[in-house]
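With chain B held as given, fit chain D onto it using these hints.
Quick mapping for you: the protein sequence lines, in order, are chains B and D. Going by my numbering, the first sequence opens with residue 1, and the numbers climb by one from there. Going by my numbering, the second sequence opens with residue 1001, and the numbers climb by one from there.
For the record, the hints were derived by calculation from the structure and aren't laboratory data. Please read these numbers as outputs of a predicted model, since none were measured by experiment. Built from N, CA and C at the ideal position, the CB exists for glycine as well. Keep in mind that the hints are not guaranteed to be accurate.
To be verified - Below 25 Å or equal to it, Euclidean Cα-Cα: the simulated SDA-like pairs (lysine to any residue) are:
1. B/K124 <-> D/S1098
2. B/K124 <-> D/L1129
3. B/K39 <-> D/L1129
Claimed, not checked - So these bits of chain B aren't anywhere near chain D, every CB distance computed over 10 Å:
4. E54
5. G92
6. E129
7. D161
8. H228
9. N245
10. N256
11. N267
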Amino acid sequence: MRTMDPPNITPIDDPVIRSIDPASDAMVVDHLTKTFVRKTLITRKTLQTIHAVEDVSFRIRRNEIFGVLGANGSGKSTLIRMMSTLITPDAGSISIFGYDVHKDEAIVKRLINRVSVEASFFKKLSAMENLLYSSRLYGRSGKSLRRDIVEILSALGISPDRIDAPLEQLSRGMQQKVAIARAFLTSPVMLLLDEPTTGLDPRSKKDVQHFVNRLRDEHDATILLCTHDMDEAEKLCDRIAVIDNGRMIELDTAQNLRTRVGLEIGNPAATLEDVFIHLTGRSIEELEIPAEEIVA
Amino acid sequence: MGTAFDPSPRPNPIGGVGLSRQMQASWAFVERNFFLVRRYWGWEIAFIIYNITTSLSIVYIGKAQQIEGQDLILYLGIGTLVWSYLHAVFTNISEMISWERWEGTIEYTMMAPISRLTHMLGVSLFSILYGLVRSVILFFVLAMFFDINLSNANLVGALTLMLVGSLSFVGVGIMAAVLPLLFTERGEAMTFIISSVLLLVSGVYYPIDVLPGWMQMIGQFSPATYVLEGMRATILEGEATSNLWQFLIPMMIIGLLTIPMGMFVFNTVEKFAKRTGRLKRSG
Chain B
1 MRTMDPPNIT PIDDPVIRSI DPASDAMVVD HLTKTFVRKT LITRKTLQTI HAVEDVSFRI
61 RRNEIFGVLG ANGSGKSTLI RMMSTLITPD AGSISIFGYD VHKDEAIVKR LINRVSVEAS
121 FFKKLSAMEN LLYSSRLYGR SGKSLRRDIV EILSALGISP DRIDAPLEQL SRGMQQKVAI
181 ARAFLTSPVM LLLDEPTTGL DPRSKKDVQH FVNRLRDEHD ATILLCTHDM DEAEKLCDRI
241 AVIDNGRMIE LDTAQNLRTR VGLEIGNPAA TLEDVFIHLT GRSIEELEIP AEEIVA
Chain D
1001 MGTAFDPSPR PNPIGGVGLS RQMQASWAFV ERNFFLVRRY WGWEIAFIIY NITTSLSIVY
1061 IGKAQQIEGQ DLILYLGIGT LVWSYLHAVF TNISEMISWE RWEGTIEYTM MAPISRLTHM
1121 LGVSLFSILY GLVRSVILFF VLAMFFDINL SNANLVGALT LMLVGSLSFV GVGIMAAVLP
1181 LLFTERGEAM TFIISSVLLL VSGVYYPIDV LPGWMQMIGQ FSPATYVLEG MRATILEGEA
1241 TSNLWQFLIP MMIIGLLTIP MGMFVFNTVE KFAKRTGRLK RSG
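Extracted from the complex, chain B is given alone in its bound form (with noise of 0.2 Å):
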């Protein structure tokens, strides 16, 4: 029977964790601000302006899951890019344990890990063969490392045998899982999780979150979770923010933000679902094209 516990796998050794102030925030975001303009090439004349993060500030505690929810294209995953060092912002400042992402991009990057909504793999590779590839980027080699690597795949359900058999000949929820399997190998202090149940079988989901629970509560990982999942959301986060159109307009516990729109619409028994539909205006499957998909 498997477990789907965080194994203990050989930690990291390295000067840049230790660095780390227990008692600091864990990520503090100060008036974030991205926008992208498409142009025409030639002449260069605006086709479009997207202001896909506009003025967001919050801070996350050490250790905990704090969740952003918002509707496709509300600005989730290119706050998550920027997080990552991946989009360089505008205006405004992320720090991750003190550091700042744009001035002390090489110290950040060796704190976070980000498991994104598609599994982002060489297909052709089997998991062994990319987890490989992509732990020694992070540091770790030596014969502990293969054994890591079978050890956290088992853990997360995927038998021995399917190890060495190409990426693309896994079920989406396995490949999912073999993408958490990479961020964890790495030790991340910060894990950045990019709706990485959207898509997955019921049981899965389940897995996946279980797996994400535990991380935090066994190994003192700080969780920033991007979801449009209300239940994902309500069961995993410590706090929410609720995010609309790349502005943020909430931030409370899920348990405060029910009793606190409950009351507003004379609903105690108001759901998650329910809060987000009255600060948003609409519903959470009112799909929109990512911004970053426009800019393209």
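Just chain D now, with coordinates in the frame of chain B:
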């Protein structure tokens, strides 16, 4: 996770222990590309067959046009062998971005805690090893089909020229690799233009003095020109290694200029891509 707090000054993520980590990370690219070649073995066989058949066709042209006293077979054989090697080095490096974008892994490689130099070093090292293996296979096939006389050749000198020449191609490859970052859809095709211009002006299959003057001038800036001239001098005329400086010095100068320039261009374009959100595959 789970390590004790060390309130030391700001740590250096690159130096000290970090340096051996960067070397390990460079090796990660070599190992990953080896895994990819092994998994895409069907493609590799197709590429090698294409490489062999086109090379044979060119050398057969030399056989058909053979003139008494001139070793046109060996002249063209050297051209096709050297170009096969340099093209493999250039293509592997210049495709590093477009390949990862196609796979969807580009963001994960770019957010890894490694310097871009480490990244380039790993990709370049694999490209040189890959190019050498392809060239050795091609050499043995050519030797099977043609009566190649190497009794007069200075093979140590030839190998030195190949290795130094490949360094100068690394810089050009790094500069070409930024094109897919700038032009998400057309960038890869633009790298083909660079390699085809190098093929035209570098004297791969003919001496560059048959070209128009302006093309010859461009050819002076191509590292391939010096590799080819040097290789022909060592293999056809048995030129001693100590006399190869006339070829080695221009190649070294080109390498010393293009590698730092390539790194600078890559870092600048990476910043631009991060500002405009172009790292992601679809934009």
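Problem set entry | Violating hint indices (sorted, rising) | Checked against the structure, the hints that fail are numbers 3 and 6, while the rest are satisfied.
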